[in-house]
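Asks: In order, the protein sequences belong to chains A and B. For the first sequence, full-length UniProt numbering begins at 1 and goes up steadily by one. For the second sequence, full-length UniProt numbering begins at 1 and goes up steadily by one.
No lab work stands behind these hints: they were computed from the structure. Note that the structure is a prediction, hence the values are computed from the model and not measured. Glycine included, C-beta positions come from ideal geometry on N, C-alpha and C. Don't take each hint at face value.
Beta-carbon label-pair distances, calculated as ranges [unchecked claim]:
{"no.": "1", "chain 1": "B", "residue 1": "ASP67", "chain 2": "A", "residue 2": "GLY168", "range": "53 to 59 angstroms"}
{"no.": "2", "chain 1": "A", "residue 1": "ASN210", "chain 2": "B", "residue 2": "ARG291", "range": "58 to 64 angstroms"}
{"no.": "3", "chain 1": "B", "residue 1": "GLU184", "chain 2": "A", "residue 2": "LYS200", "range": "36 to 42 angstroms"}
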Amino acid sequence: MVSSTDVQKLFLQSLLSRPFVSATLAQTIWARCVAAVKAADPTLQIQHSSNRLAWDDFVARINVDLNGLDLEFKNLHDENTGREMYCLVNLKGDDVAQLATDYTPNEIAFFKAILEQIMLAPHESYCISSLAALREVSNLKSSMTKTQGELLLSSFVAKGWLHKTKRGRYTLSTRTELELLQYLKSTYPEEVLDCNVCDKIITRGIACPNADCQNRMHFHCFATYRRQKGTCPDCTTDWPREATDGGLIPIGEGAARDGQDAKRRVRVRSVDTSDDDSDEGDAEGEDEDEPAATQQSMDVDEDIKPKKEGKGKGKGKARARR
Amino acid sequence: MARAGPSRASQRYSQSQSQSQPGSQRRASQSQRQRRARHQEPEDEPEEEPEEEMEEDDPDADLRRGDADNDLARKANDLVRLALFNEHKRTPLRREEITKKVLGSSSRAFTIVFEKAQEILRSTFGMEMVELRSRAEVNKTANGANDEDDLDEARKAAGIKKRAAAIGSKTYILRSNLDPIIIEESLQTDEKILEEEMADAPSDDDDDDDAASSRSYGSIIAWNSTDHLAPIGFGYVVLALILVSGRVLGDNELKAYLKRLGANLTSKLRFGMHATQRNMTVDKYLEELIRHGYIERQRVGDNQKTGKGRGKRARPGADDDTGAQYEWRWGNRAYSEVGERGIAQFVAEFMVGDEDADEEEDAEAGGSRHARRGRQADDKSKFSKMVRGIERAAGGELADLK
Chain A
1 MVSSTDVQKL FLQSLLSRPF VSATLAQTIW ARCVAAVKAA DPTLQIQHSS
51 NRLAWDDFVA RINVDLNGLD LEFKNLHDEN TGREMYCLVN LKGDDVAQLA
101 TDYTPNEIAF FKAILEQIML APHESYCISS LAALREVSNL KSSMTKTQGE
151 LLLSSFVAKG WLHKTKRGRY TLSTRTELEL LQYLKSTYPE EVLDCNVCDK
201 IITRGIACPN ADCQNRMHFH CFATYRRQKG TCPDCTTDWP REATDGGLIP
251 IGEGAARDGQ DAKRRVRVRS VDTSDDDSDE GDAEGEDEDE PAATQQSMDV
301 DEDIKPKKEG KGKGKGKARA RR
Chain B
1 MARAGPSRAS QRYSQSQSQS QPGSQRRASQ SQRQRRARHQ EPEDEPEEEP
51 EEEMEEDDPD ADLRRGDADN DLARKANDLV RLALFNEHKR TPLRREEITK
101 KVLGSSSRAF TIVFEKAQEI LRSTFGMEMV ELRSRAEVNK TANGANDEDD
151 LDEARKAAGI KKRAAAIGSK TYILRSNLDP IIIEESLQTD EKILEEEMAD
201 APSDDDDDDD AASSRSYGSI IAWNSTDHLA PIGFGYVVLA LILVSGRVLG
251 DNELKAYLKR LGANLTSKLR FGMHATQRNM TVDKYLEELI RHGYIERQRV
301 GDNQKTGKGR GKRARPGADD DTGAQYEWRW GNRAYSEVGE RGIAQFVAEF
351 MVGDEDADEE EDAEAGGSRH ARRGRQADDK SKFSKMVRGI ERAAGGELAD
401 LK
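Start from the sequences and build out the full structure, keeping to the hints where you can.
Replies: What follows is the structure, encoded as structure tokens:
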């Protein structure tokens, strides 16, 4: 039987077939779902309107349905474009969720290694060059060719797990920021910073030039803020009109300088690996020994946590403000 | 089960997080902890096997029953997750997997958990788990179609149902149960969606050699991103070849057909951008199709005892060094996902549709509306003729979706 609830069902099916959608695309799909259901039964009365309130209500209804399944239809602003993105997010990293990906454990390890390099990149640049990303294949436990690494990288990008910038550098994708936020926060507690305006993770944007001030904003948050005020909300330092005018400290790709990822950074997790500059792979190789390394999912959540306690504090990188 | 490990870890995680994170984060992690705690609850207690035999005068009976209900609900939710995630890989979900990953020690609850999960899938996602038919079932219905051509549809359908209840394959796939019109609509290109998809697409144009494979079609269901189109197209061709060869095709014959199509076992099939490998040989992909349950390869003769249908051809030649001969048939997933009729329509649409394009040109060149309508009717009859032809070639009535 066709019923008006079919709109929601069809919409969810659509979401399952896509890694993420922009808010506008999601709303267009919604409208189209309504049309599709009406095509099957023209007599149905279906509520639909294109205003934001109706949309938020629709999203809320979907999330009521998903409640209990540990899935959530969440939104976040893309840090590059400022566009609002939606994604069906898995909130739980159980053994069931391990199926959610067709990546092998070794491929997941590669992904995690890249995440680590992105998170530990110097000067809050949160990105690595494609060369540095590819170099990670040689630090994996099981062997992987560079060709395979390249394929994987483009697969990660195509599936929305990584973002590739115009300069050819890899950054966190909106999907990763949504779905792996817990993992990132627990693994890199000092590296995960929040935007002062929207309180969401920031890996691209600006920081107040005042060395003592901790204020950071996304580009799109800055643009909105700057329209009203000309000074830093925390320390009242004067801010330039445009984020690109100079004077503000860039976060993200803008902070990356050439040749800086020559050195690989490794988060030292166990106390006995005292040598900070220990050559590549050693420190990482160690904890991959644990059974957790067999985890098969992008939901890398669980396997790192037990190691948290033993981790040297900020060994890999002291994130002191300059 | 491994479950205890992760949940303990996550509990510790949320504790440490609520210490270290300010404001909003703490709220989030608290609710998370609550959720985890709720999840863990039933596990901390010993198994509740005797639940059904509980005496009426037990004061805790109601309470415990409530817990058991929660437990069942949680397991049903887990099964929904398992079914959804498993479908990503396209391998059928086996009952043992459900027992192992979802039910744990209370495997007796399969039916009730399964029903609850079905209900959630139907009401939330418009999907349901469909049990694939076992080999024996497929054979029986195939024979039935061959031997009792004159039986009317209804009786046959009833017969099939009875058998399905008796012997299932205990493997499941996920299938949409929305109205066929809605499904059809959801696959059509919509200009507005296409526009938005274009706007969403990452604009970096450095490695655009795979642009074709990452192209979008503006349909509600992004069918192009869930399957790899070139390989799945190849798979359908193989299914069609098997079907029109009387539902069974010798290995050598398949190779010969492929050769005529310009492919051999070492030809490469191209995969989309999101795959972890860019291409796969035909040989390997056939293996993959077997794993997914689309096709089956059997040694000739193996099937004899289960009552192979009559009218099957003799297979020439030995196939490999062991001297064994192989033949290809449809796998049970193909019967439940596309169906014989679906493949026949795919072939007919493809063949007739091609001519259609030519004729439209004719019509535009100067044909009157009357002539065009005539041709449309013509196409229609060609289409059904084609389907009938395929039916004959298959050696019996085409089966609908099972």
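Asks: Hint by hint, note whether the structure agrees.
Replies: Cross-check of the supplied hints:
1. ASP67(B) - GLY168(A): 53 to 59 angstroms: With Cβ atoms ~55 angstroms apart, the hint holds.
2. ASN210(A) - ARG291(B): 58 to 64 angstroms: Between ASN210(A) and ARG291(B), where Cβ atoms are some 60 angstroms apart, the hint holds.
3. GLU184(B) - LYS200(A): 36 to 42 angstroms: holds, 40 angstroms
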